[in-house]
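Trainee: Going down the list, the sequences are from chains A and B. Residue 598 in the UniProt record's numbering sits at position 598 of the first sequence, and the numbers go up by one each step. Residue 71 in the UniProt record's numbering sits at position 71 of the second sequence, and the numbers go up by one each step.
In case anyone wonders, no lab produced these hints; they're calculated from the structure. Since the model is a prediction, treat every value here as computed from it, not as a measurement. Take these hints with a grain of salt, some might be off.
[As the list claims (entries may be wrong)] Once the Cα atoms are required to be at most 20 angstroms apart in a straight line, the calculated SDA-like pairs of lysine to any residue come out as:
hint, chain 1, residue 1, chain 2, residue 2
1, B, K23, A, D21
2, B, K31, A, W12
3, B, K88, A, W12
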Amino acid sequence: MQETIGDTTYDWTDATSHFADLCRHLPIGEVVRDADFTLFEAMTALELMDPKMDGGMSIKHHFQEQKQGNRILTLKQLIDKQLLKITKFTSSELIYLFDQLLSTFHMWLDGHSLALTLFTCVYLHDVTIIDDSHLRTICFTFIKLVDYIRERILLKAGLFEEEDFSGTLTYNFPFYRDFKEQTCLTDLKKSEDELNKRLRSLKHQTELDQVDINATQQLIYRIRFLRYFFGLTVKFNEANEKTGEQTYLNTEEISKYLKQIDEMLQLIRPSFIIENETTPTDDNSQLNISQTLLTDISRSFDPYYNYRQLPPAFNRFIRQLIFPSFVYKSLVNICQQLRKMLEINDKRTLKQSFEFFLEYSTHEKPSLFIRSLLLLSYLPSVQGCLLSSRKIFGQISFAEQVKCEIRSFIVPPLLTLKSISIDNETLSCSENFFQRACVPFSNLFYSLCNNHARTREKLSNLLEEFSVLQDESEKLDQWLHKYLIQQIVQANLSTANAQTLLLIEKTSYFFQFILNWTLLIMEYYLLMGFDLSLYSKRELYDVYFYFAQIILFTHINVYKTSKNILNTTVPFLVQLNQKQQTNKNQINNQFIQQMNSLIQHNSNDDPLAELTNENNATQKKTKRKNPNVLVATNNEYHEQELLLIHGHFAMSTAMHRCLKALDIERRLKFSSNDSNYFLRDEIRYRHRFLPFANLCAPPYMPHTDFLHIQHLSDNRYTASELYQDAINNFSQAKTYFETYLNRITTSKQYQQQTFNRTFTTGFTSLIDAESYIRIAKTNGIVLKLLLGGHKPDVKIDFDFSLHAHYPTLKL
Amino acid sequence: MTDIQHEIQTSEGTNVQVEQARKKLYDWLNKPMRVSIVDGRVLVGVLLCTDRDQNLILGNCNEYIGSPSEQEEFRVLGLALIPGQHIKSIYIDENTSSIPNHSNISITKINDHMLDDDKSDC
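Based on the sequences and whatever the hints tell you, model everything.
Mentor: What follows is the structure, given as structure tokens:
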């Protein structure tokens, strides 16, 4: 038979039985295919009549209904057939629609597609048809809300993966772009006022309709909530319409909004549909709406409406809309998280921001929405601008922040001597370095806002960038060595400072700084492996050994170097600054000129500001109270960091020593001699530490060297010696962490705390330190038992339930 | 003995049949196919692969609800696998002359095909 489909005319012959017959002759398993058509391609085919893969298949005879003439009706058809009302909605109906829309919004934030959530509401397909002003306003607002979050927040932050969120798929739904956000807000206010009038008149009626009064009151609360919530959302990543630049995030306004939203959420009672008019219970937590009140809008939500529009491979389970009570609870949660997130605005230095990001993502476990808001609060997006050229909080250039960070970490003369004037070549060389440093640093913050698995992956890529930066920093140091010594010698100094001079000459300032951050990333990377349960028990030895003896060991040295420099050279530099300046306010050093306002702003963190403050009374007034940093005295540079690093070092050393001892005594539950390829030590080792391979420092240790060092370190000793050493290390670790806890809890900051902070230093928070202490104690006891020969045949198990980073040994 | 001989004969016979079936099916590869499945949908695509259970893989497959010629609602699936057990009917267009009238498809010469093969080597 002939058939024309589109542009093509086909001449069909019926081959049903013939085909079946031919196929039956084929042997089992044989496939008839073209030579070019491979199995790989065949795998990508959609399987029809499979519920998960096939969107078009009939589900519970749904499409059969269609065939019988009762097909999915469009909004227009529904209205024409008078199956759906568009005017004179009662308060109860509006509450139902509002709560359902809110539920779809919540599900959309969770990651479901627009087609299966928001746009299952039939009204949203053509809002202009609706006659009722309240419903129209509500619908427009929801659409604008979703559009704003999608465009300005989620897409701009770019933190989502394909499976989390389909940002660009809009299915040709109307988004009413001409409708401004401000119009929505004013319309919502108008609705609210009208409803208040209606409520007043209801209350003055002779016969009080309590149901209607309650419903109208609840509707007013909801509309007000929506107004605040929408107002709050559009404050984030707000773009100045004229200049296109980001406006500074106004935390006070946002806090106010959050407070108002919280108030509303307290007052709103989530709706709950009841089948029949049962006697009202005393349960006031929910607003019961009888099904009978909703008959006119029963077709307002149709989950199958857009079903066929979904791309074929899309996840297409129709989910029932989540109950409003759950949705409102999660909104309260969102507000709490937002409030906590605003603390980022108090963070002055890169290190503080880094610690905040770590702490926030570990303890709050934020969703994609909140993570995007966090990134955009810290680094608001600008049209056509790369991540590295964005300004921190929309105000501070990233390069400047990096320079400030270097200055406070290790006080390089380039950034601290006010009187030196820098020639053009040095200036451009250094400036180049700072600009290039912005890229991996801004990427670091971007990486930390992803979900944990992705963060770890991105961190490993980041280490590549940092290895390049290490090379650059070495070059810069070499250049500056020659240059600065000249400058200082010219200053005619007494020989009493010769030692300091020598120290300055020897130090690779910028290299140390980059090394510090590289090590932070490496440590966090390895520890995340524990958080994500990536390591098998066989790998624990290698991981702890590498962590302790290579990474932490280097890091301790870096901190010691930096501390030494700070202690030795700071007074010297300050002296120089005071001596050389004829005019107190004259600053020849171009870098310091640039950074001056930022330095003043961060004077609490600036090592040089401490001493000069004594001499300059006016500076004291500009010193801002920084609630986040413990005021460090001269000798306490990096004190907390060193305590923690030493603690981790002791814990990890103890771990690998006792693991070796357990191995010797055959107390481990697995054998380490396995010929299976993937279990071979070397393969595992290479895979685990591959991201560290390209770094300049700490230099990557190939497996053979590793075995050699291991032998020197552990293999030479007997089990008892190893046990004893492990016991000592555990008790040392305990001491370090306890000292750290004491320092924090007795500090002024902690006692003044107004919010619920966990005080993270590096990647260790107070809660972590407490767990580590318990683990160290328990393990010390177990090891003492083992040392005494307790139960020689029993194998040891590892229990990571107390903390993912270090196991407790279990007999 | 006669049974075995009989078996050998029949197996030889079936071998020939298998060969013939294979050849016929090979001829039908890359031809347009119209398949109706049990829930009423019609799928039109190019036959790429099949097996003993009549599982079909169609390329450039379009799915029609209702009559394809009326094209009320159709979805582009791309590569689709139809399990043999759900097939109601199969129509094949054996005439390769019914090529679509798109002006953007050029009629290539055999030499051009050979060039394409070269590209696939690198």
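Trainee: Any of the earlier hints contradicted here, and which numbers?
Mentor: none
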